[in-house]
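Chemist: Residue 1 is where the sequence shown starts when you use our numbering, and the numbers rise one by one after that.
To be clear, the hints were calculated from the coordinates, so they are not data collected in a lab. Please note: incorrect hints may appear among the correct ones.
Unchecked claim - Derived lysine-lysine pairs resembling DSS-like cross-links, with alpha carbons at most 27 Å apart:
1. K52 x K10
2. K52 x K28
3. K28 x K6
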Amino acid sequence: MFDLAKELWKYPRSITGDGVRLTLRRLKVLLPELQIHEIDSGTKVGDWTIPKEWNLTRARLWDPTGQIVCDTNSNNLHVVGYSSPFTGEVDLEELQPHLHSLPEMPTAIPYVTSYYEPRWGFCLAHEVRDKLPRGTYRVDIETRLSQGLLTYADLVVPGTMADEVLISTYVCHPAMANNELSGPVVASELASYVQALPERRFTYRFVFAPETIGAIAYIHLNRGHLQQRVRAGFNITCVGDDRAYSLLPTRNTNHRIDQVSRNVLRHLAGEFREYSWEERGSDERQYSAPLVDIPMVSLMRSKYWEFPEYHTSLDQLGTVVTPEGLQGGFEATRRCIDILEHDSIPTTLTIGEPMLSRRGLYASLGAGRFSTSPQQLLDVWSFCDGVTSALEIAERLGMSFFGVDELLQILRAHKIVHLEPKLFENSSH
Numbered sequence: 001m002f003d004l005a006k007e008l009w010k011y012p013r014s015i016t017g018d019g020v021r022l023t024l025r026r027l028k029v030l031l032p033e034l035q036i037h038e039i040d041s042g043t044k045v046g047d048w049t050i051p052k053e054w055n056l057t058r059a060r061l062w063d064p065t066g067q068i069v070c071d072t073n074s075n076n077l078h079v080v081g082y083s084s085p086f087t088g089e090v091d092l093e094e095l096q097p098h099l100h101s102l103p104e105m106p107t108a109i110p111y112v113t114s115y116y117e118p119r120w121g122f123c124l125a126h127e128v129r130d131k132l133p134r135g136t137y138r139v140d141i142e143t144r145l146s147q148g149l150l151t152y153a154d155l156v157v158p159g160t161m162a163d164e165v166l167i168s169t170y171v172c173h174p175a176m177a178n179n180e181l182s183g184p185v186v187a188s189e190l191a192s193y194v195q196a197l198p199e200r201r202f203t204y205r206f207v208f209a210p211e212t213i214g215a216i217a218y219i220h221l222n223r224g225h226l227q228q229r230v231r232a233g234f235n236i237t238c239v240g241d242d243r244a245y246s247l248l249p250t251r252n253t254n255h256r257i258d259q260v261s262r263n264v265l266r267h268l269a270g271e272f273r274e275y276s277w278e279e280r281g282s283d284e285r286q287y288s289a290p291l292v293d294i295p296m297v298s299l300m301r302s303k304y305w306e307f308p309e310y311h312t313s314l315d316q317l318g319t320v321v322t323p324e325g326l327q328g329g330f331e332a333t334r335r336c337i338d339i340l341e342h343d344s345i346p347t348t349l350t351i352g353e354p355m356l357s358r359r360g361l362y363a364s365l366g367a368g369r370f371s372t373s374p375q376q377l378l379d380v381w382s383f384c385d386g387v388t389s390a391l392e393i394a395e396r397l398g399m400s401f402f403g404v405d406e407l408l409q410i411l412r413a414h415k416i417v418h419l420e421p422k423l424f425e426n427s428s429h
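When you get a sec, could you build the whole thing from the sequences and use the hints?
Modeler: Right, here's the structure in full:
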C-alpha cells in the first residue's frame, strides 16, 4: 500500500482531469474488473452540475530578481486547484490577493481550491510570502478548463446474496498523504481481500470517485439500485497515519454498521475517538443524505480537520502516513468486513445448560486447565436464544466479536448450538 501511494503521489489530481484518469487506470492494473466511467461537463446531477474539466500543465511564479517563488513541478499544491490560466506581469500589491498562505503554519503550503468560481492563484509557505520583495512578478499559469468529463470508477464483487455493502473513497486530492492517498490505497487492498475470499455472504460495491461532486453524480446515476440493494456502507478516508483511530457513525448512531465498527475499533485499538454526525465532512454527507438514506460510517485513523497537517503540504508520506498506519487502517476495515461475513444468530440445541465435561470441555476432576475458559463458553451459550446475534453477545460480554465467534465455533462443533447467518434487518433475500 505504501509503495502504491508513492507511485500515485505524482499525479496532479483534482475533481476532474488527467490526474484522476491516471490514478484510476493504475488502480485498474491491481483490480482488472474495476469499471471506469465518465460523465460530460454540464450534466445536471442532483442539485449540482458537472463542471468543466480542469488540467494543469504547469504553474510558476517569479519574483523581481528572477527567482522562482512557486513551481508546480516541485509541488502541485503551489497552484490553486481549478485555477484559471493566467500569464502576465503584476506588482506585489496586485499579486497579494492571489496568494494563499497560513500564518499559523508558516512552513506549510495550504491546499486551496476554487472549483465553481473562476480565479487564479498560488499557494505558498507563509515564511516565503513574508519575505517577498517589492517589484514586478511574472506569472505563468498553464491550465486548461474545457468541456470535458468527470471520471470515476466502481467495482462490484458478487456474493451469494444480492444485498450490498458499499465501500466509498475519493481520488481527487493532490500531493497529500492521509487526505487523500490513504483512502484509495486501503480501499484497493480491501477490494483485493474481498475478491480473494473463498465465498462471500454479501455483495460488495467499491466506488472510487472525486469527493462530493463524484458521490453526488454516482448517487444521481444509481440511486434506485443503491436504495434497493445497499444495506450499509463504509466511507474510507484518512486511514494512513498511526496516531489514532476514529469513527464518524451513521446519522441514527446505532445502526448495525455502527455496532460493527465500534466493536472492531474498541478491541483493535483499545481506545478510539467517536465523533458526532454534526462533525461530518466527507462523502458520508451524500450517501446518508435525506432521500438517499444509506447508513454509512466513516472509518478513519486521525479524522479530517483534526490532525495538524490536514490540507497542507505537511501531510507527507513517511512522516504522517506510514506503512504501519496504512496496515492499521486496512486491519480496521478488514475486520468490519469479517464481522459482516461471519456474524451469526446462535440457537441452543440443549434444554438447560450443556454438560461440558462429557465433551472434554470441562475438567471432571480437580482444577483442570483449558485454553478456552468453560465459564466463557457457558456465558456465551447463555445468550444463544435464537434472537441475539454473536455481535450483540460480544457487546454484552465486553468481548471482541472474534473471541465470541471462536467460542461459538467450539459450541457448534460439539453440537451444542446451531448457527444461522446474521443478515441486515432490512434484508429482503
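Chemist: Against each hint, give a clear statement of whether it holds in the structure.
Modeler: Evaluated hints:
1. Restraint check: the Cα-Cα separation between K52 and K10 comes to about 23 Å, which is no more than 27 Å; the hinted pair holds.
2. With a CA separation close to 25 Å, the supplied pair K52 and K28 stays within the 27 Å bound.
3. With a C-alpha separation of about 17 Å, the suggested pairing of K28 with K6 holds against the 27 Å cut-off.
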